[in-house]
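Based on the provided sequences and hints, a complete structural model is requested.
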Amino acid sequence: MSGPVYLGLPTAPRGVGHLRGDEPFPVAARRALADTQLRRNLGRATRTIRAKRAAVVGELPDWEALRDAGQAIKAETMAHLDRYLQQLEEQVTARGGVVHWARDAVEANQIVVDLVRATGATEAVKVKSIVTDEIGLNDALAGAGITAHETDLAELIVQLGHDRPSHILVPAIHRNRAEIREIFLHEMGDVDPGLTDSPAALAEAARQHLRRRFLSAKVGISGANFAIAETGTLCVVESEGNGRMCLTLPDTLITVMGIEKILPSWDDLGVFMQLLPRSSTGERMSPYTSMWTGVTPGDGPQQFHLVLLDNGRTAALADQTGRQALHCIRCSACLNVCPVYERVGGHAYGSVYPGPIGAVLSPMLTGVEDNASLPYASSLCGACYDACPVKIDIPSLLVHLRARHVDEVADAHRVPSPEAVTMAAASWVMASPARYEAAQRGGRAGRLLGRGGRIRRLPPPLSAWTSARDAPQPPAQTFRQWWRSEHGDINHGDINHGDIKHGDSR
Amino acid sequence: MTARDEMLGRIRTALAGDPPGSSAPPAGDAPAPGYRTHGELGTPALLDLLAGRLIDYRSHVRRTGPEQLLDTVRAALAGRGARRVVLPPGLDLPGLDQPEAGQAGTFGDVELITDGGLSAQELDQADGVITRAAVAVAETGTIILDAGPGQGRRALSLIPDYHLCLIEADQVVALVPEALARLRPDRPLTWISGPSATSDIELDRVEGVHGPRTLEVILIS
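Line order of the protein sequences matches chains Y and F.
Numbers given in our numbering equal positions in the first sequence, counted from 1, plus 4.
Numbers given in our numbering equal positions in the second sequence, counted from 1, plus 22.
Misleading hints may appear alongside valid ones.
[Said to hold, decoys possible] On the chain Y side, residues computed to face chain F include the following (Cβ under 8 Å):
| hint | residue |
| --- | --- |
| 1 | Ala-73 |
| 2 | Thr-235 |
| 3 | Gly-245 |
| 4 | Val-275 |
| 5 | Met-289 |
| 6 | Asp-474 |
[As the list claims (entries may be wrong)] Distance condition first, Cα-Cα at most 20 Å in a straight line; then the derived EDC-like pairs of lysine to aspartate or glutamate:
| hint | chain 1 | residue 1 | chain 2 | residue 2 |
| --- | --- | --- | --- | --- |
| 7 | Y | Lys-395 | Y | Glu-63 |
| 8 | Y | Lys-56 | Y | Asp-390 |
| 9 | Y | Lys-56 | F | Glu-122 |
| 10 | Y | Lys-395 | Y | Asp-72 |
| 11 | Y | Lys-222 | Y | Glu-68 |
| 12 | Y | Lys-395 | Y | Glu-80 |
| 13 | Y | Lys-222 | Y | Asp-118 |
| 14 | Y | Lys-56 | F | Glu-144 |
| 15 | Y | Lys-395 | Y | Asp-26 |
| 16 | Y | Lys-222 | Y | Glu-234 |
| 17 | Y | Lys-56 | Y | Asp-255 |
| 18 | Y | Lys-222 | F | Asp-78 |
| 19 | Y | Lys-222 | F | Glu-144 |
| 20 | Y | Lys-395 | Y | Asp-66 |
| 21 | Y | Lys-56 | F | Glu-224 |
| 22 | Y | Lys-222 | Y | Glu-191 |
| 23 | Y | Lys-222 | Y | Asp-303 |
| 24 | Y | Lys-56 | F | Asp-149 |
Treat the hints as calculated values from the structure; they're not laboratory data.
None of the values given here were measured: they were computed from a predicted structure.
The C-beta atom is built at its ideal place from N, Cα and C for all residues, glycine as well.
See below:
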């Protein structure tokens, strides 16, 4: 599957935003694994959130039915995405909002820059939004002389620390309280030097730091958790109240959302407002959810702009198997259960979408060749599939993308790849019993390399395999040799029909 | 070609390869959802569940009858030490002489101001706000404001550090889908489940960031 299946639809452009890392996953992961502080922080945080999620999911007798409904609603949404987007546009426009369409990150950034400039403001307050991280909006605004203030506590920690987000829900999950205190002391400017590292004191410092900014803000910028096509309603789920501040107090609100965040009907929120909080923060409901439809006279922003972003999403939609990655509601449950994420953290993935879903979504948005190492950043254990509130089959998608990668490499190169050569050789060997048996005997030479039943290091080029895994030591005799020693030298027909006395022989 | 036309065209191209029939809407009536859409608890149990869930997420809860409501409000404000309290127009608290919009009045030693377009800075000077709500969800411990009578615009329940919310028994439903059926999507909605909180530092929940740091609910039955 390659080429024509994806219909040549453009992927997210290079050189803008944060969907591609500077180095392949194995290189970045090796460095992350050496950071013991990072591993302690991540281990503690993911353990906590896993326990909270399990407890609140266990309270609902109909959790599996909600997951099924969520999956079905998302599949229906994708199958008629054009219709639902037009319906959303109609409803938002009828209620006084303005809808903008952005083919990619560059276009979305330009739209937002122009909208902020038109207000005359040089500052904006931002609600945590991964999609604006995806397109690199803060950099684009800075380039236009506009300062974007992150207001979510974790995003503030990341912004003040000149850092990158490392988790969908808790972007500063890689920082512990002592590190956060240091960042606040050095970067806030207006903080009490006696600040302690208790989470309550740190939260209070953030409140003081941002309060005046909120009360005088002219422009707010947000993402969206959901948008309802039927009613034109936008929805943001949050905890701190910084979202409510940004969505309520400024004169102008600009919301950027990926086109896949849409839901067909109002009733669909009955499913997703149960799935999302329990899966993400492990709460029955997040402290605050804001819903608004266009502009309400006398209440909240009187100018509302909605920017609908493609940036590779239609290319993902064209892959009928991969499409379900667009069902993701960004809860981050798959990150928290992933044995790979738990050890390497989010930065190793190079994209704003880390963890299992990121390993699928990022290559689909950029094209597999630009994130070729990510589909391999998984042991395929399946924990992510079990945790996903909309039942995205992430392990199957990872395998699908590995196949796409191999096919695309083969298409792009006349000289076959090492995998292709190996597979062709294996096919020739396995086609003949004699060659197969000879190869098995040859394999026993591998015993010389192993110790304790494992081979930890193979010579090049096979070292590429053992750099990240042990290979099992080949047994002292092959099955065929064992059979002959037990049963004498019988021909193959007898094995097929004969009475096998030691069916479970080893 | 506009970005709009191009994106819609890309979507149609992407979907064009779908197997025939897969894009047809389901025939006939939609099947009943497999998840719960109606709760089974009676009113007393519903109120108990709501109270428990509110307390679990660090809200304060008082329960009272309609006759004692004014006294309960007075006690809550006194317990908080609130001296300057904002009211939305139309709070309709029996026995209370609410000031006109934009005017101030007194309630014992508490100064009451009815919102008539207070600035964010003025709201920041208030000790608290009293509102009603549109609906409450027992299973999740959520109160939902829809900017209707007695609730006011969204900023009122956001900026003052103390939010006292009055809930009538018949406003309480068990489940999220039941609440959605009672709400109007064209109104600005605020769903509140406990005081402002964050779990951003080591995933420890800390109450009190930017929204009201204290949420107190009076359940009236």
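Sort out which numbered hints this structure fails and list those numbers smallest first. 6, 9, 11, 14, 15, 16, 17, 18, 22, 24
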